[in-house]
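Participant: As you go down the protein sequences, you meet chains A and B in turn.
Counting in the numbering used here, the first sequence tops out at residue 284, every number present.
Counting in the numbering used here, the second sequence tops out at residue 1365, every number present.
It is worth saying that the hints were derived from the structure and are not from the lab.
Only a predicted model underlies this, so the values are computations on that prediction, with no experimental measurement involved.
Certain hints may be false.
Taking beta-carbon pairs under 10 Å as the criterion, some of the chain A residues facing chain B (in silico) [said to hold, decoys possible]: (1) Ile181; (2) Ala184; (3) Asp186; (4) Gly188; (5) Lys197; (6) Ile198; (7) Leu202.
Cβ atoms here follow ideal geometry from the backbone N, Cα and C, with glycine treated the same way.
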Amino acid sequence: MKTDNHFKSLSLSVIWAWMFLFALLPFCLVIIASLMSHNESDLITLPTTLANYQHLNNSTYIRIFEKSFVIAGISTLLCLIIGYPFAYIIARMQSRWKSFLLLLVIIPFWTSSLIRSYALIAIIKAKGILNSLLIAFGIIDQPLAILFTNYAVMIGLIYNLLPFMILPIMTNVERLDQRLIDAAKDLGANRFTTFRKIIIPLTMPGIIAGSILVFLPAMTIFYIPDILGGAKSIMLGNLIQNQFLISQNWPMGSAFSAVLTLILVTLILVHVWVTRGNKKREWL
Amino acid sequence: MVKNVVELRGVYKSLHDHEILHDINLEVREGEFLTLLGPSGCGKTTLLRLISGFETPTSGNIFIDGKNVSGLPPHQRHVHTVFQSYALFPHMTVFENIAFGLRCQKVPLPEIKERVANVLRMVKLEKYAERKPSQLSGGQQQRVAIARAAVNRPRVLLLDEPLSALDYRLRKTMQIELKQLQRTLGITFIFVTHDQEEALSMSDRVVVIQEGCIEQVGTPRQVYEEPGTLKVATFIGEVNIFAGEIMSTENGKHVTLRILDKLRKAKSTRPCTPGEKVHVVVRPEDVRVWNLHEVEDATDMFTGTVEEVIYKGTTVDLIVRLADNTIVAATEFFDEDDDRLEYKIGSQIWVSWTPGWEVILPHED
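Using the sequences and the hints given, assemble the complete structure.
Facilitator: This is how it looks when you write it as structure tokens:
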């Protein structure tokens, strides 16, 4: 028992140390950097200033913020709509197909996401596989202009991030007690009610985890808008990348990151607050 | 005439070429507490799931209130199940759990509130309406599970080993509570258990199931005192089994038996023919023992050696080895005026029982 406790506290302290060193500390450094100024010779320098945040209040930046938000939001929603049934079906499967399907979800991870994004070009470009197929079947007569639009960016985001939605939901559904579903049916709930009142609330942690895991990279991943969205499509990720790598303005880039984090934390807090309020209200 | 709430006619159930239930015919009467009793794996839970609609019979018909329910899904049947693990919805309060079924039926809110409050009062949990299931004890969760089913006023409540998760003491209390609750609610209960004591103490009628077949249906007293087969006799309570032979009969009921070279008078509830091989079943509490010097006429008694004396507080259990090595268990109740219960291991005694207290069953191998 004693060694057990030692092991427990040791592994816990390793995790704490890791989180402190590689999550909390960098985050604090970003906040600090965002409050500094910069000049030609130094990336970061004194004096401290709020100027970086004041610069953010600029219509171009705000438009990019809004656009990133909408694109990431729609992509997350679509990932949820596609990923949930998929995760649910895999999780509830009994047969040996289960591990095969799970493998299919994971296989894309074996190839760099950069390469897969380039590969997407071959599918959605004007004379690509998708357009050729649609024309061959007589569904359209002019090729669809998908590449270098926001649609292309969303397709790329969904394709790359879907596993991050599927895996947490799947884990959650697997832990779902079949007897609760039986009990709901027994009490007169049809499939839809069972799904809405029992399955969705009980898998909510998975849905939230998946949504966060998709939404956050969708906001900031910069190479997908670069590759699939073309020059016009600048998203928040590109903006941050430009500040750090092209303008060499680290404090400004840090300010963007800090605001992004703040918005995401606010979103999560709002969610927590809303669900807590919901539980007190009665549903009908 | 008493109405049948549930009827099963020639129900068979197989799964992967394995027969789980064999030719089940059963009538459940209005308002009764019926127990399906059998060892684990005998098919009793499957039988319950057939009635609730979670499984469909391979052949045969099930009637609820005279209506054939074959093919009806669980939510369209007027029966509710209390699951073994209670299956309370963890994200809902006690109130919401109980109101779930009513909400599915679109009952207006004021009526929901009233009915939930009523049923909460019945299970004595008025103060716990706003708690989450995880904040309740096992016994309280159990009561919520019953309330959640009972609030919908089902024709039949199906209970799948609802007490097996509780500790011994709580189980005893819940047995009494369940029985009282069933009377208050006036709902037919079909209760599944492998615990014969539970079955005997709670039920109006017991259905003994063994290896997918109904062995016997009867009141607790009938299945205990007049077991229909050797399987029922050995499953319910302790028994001593003797091989015997019918020597002669007198108008079919009064017979003379030969057991271990002794001739004994006996009563049989079923017709016997002379020369028939039988098994004779005697409950330990019906077996009487005497010290050698106490007995003058030992013509229908067996002599034996005390092998073990087990003191149990209210009773003393004796394990006796007869002359032909048959082991007999005898349970003797304490009697204030009786000092006969002093038995020493290894001492010689007489063993017998009152003629007519044995059960004569057909010979089985």
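Participant: All the hints need checking, so say for each whether the structure fits it.
Facilitator: Each hint, compared with the structure:
1. At a threshold of 10 Å, the smallest CB-CB gap from Ile181(A) to chain B is about 9 Å, leaving the interface hint in force.
2. A least Cβ separation of about 7 Å between Ala184(A) and chain B falls short of the 10 Å threshold, and the interface hint therefore holds.
3. Evaluation of the Asp186(A) hint against chain B yields a held restraint, the C-beta minimum of about 5 Å falling below 10 Å.
4. For Gly188(A), the shortest C-beta to C-beta distance to chain B is roughly 4 Å, which falls under 10 Å, so the interface hint holds.
5. For Lys197(A), the shortest C-beta to C-beta distance to chain B is roughly 7 Å, which falls under 10 Å, so the interface hint holds.
6. Taking 10 Å as the C-beta cut-off, the interface hint given for Ile198(A) holds, the closest approach to chain B being about 6 Å.
7. Interface restraint check: Leu202(A) against chain B, minimum CB-CB distance 6 Å, threshold 10 Å, status holds.
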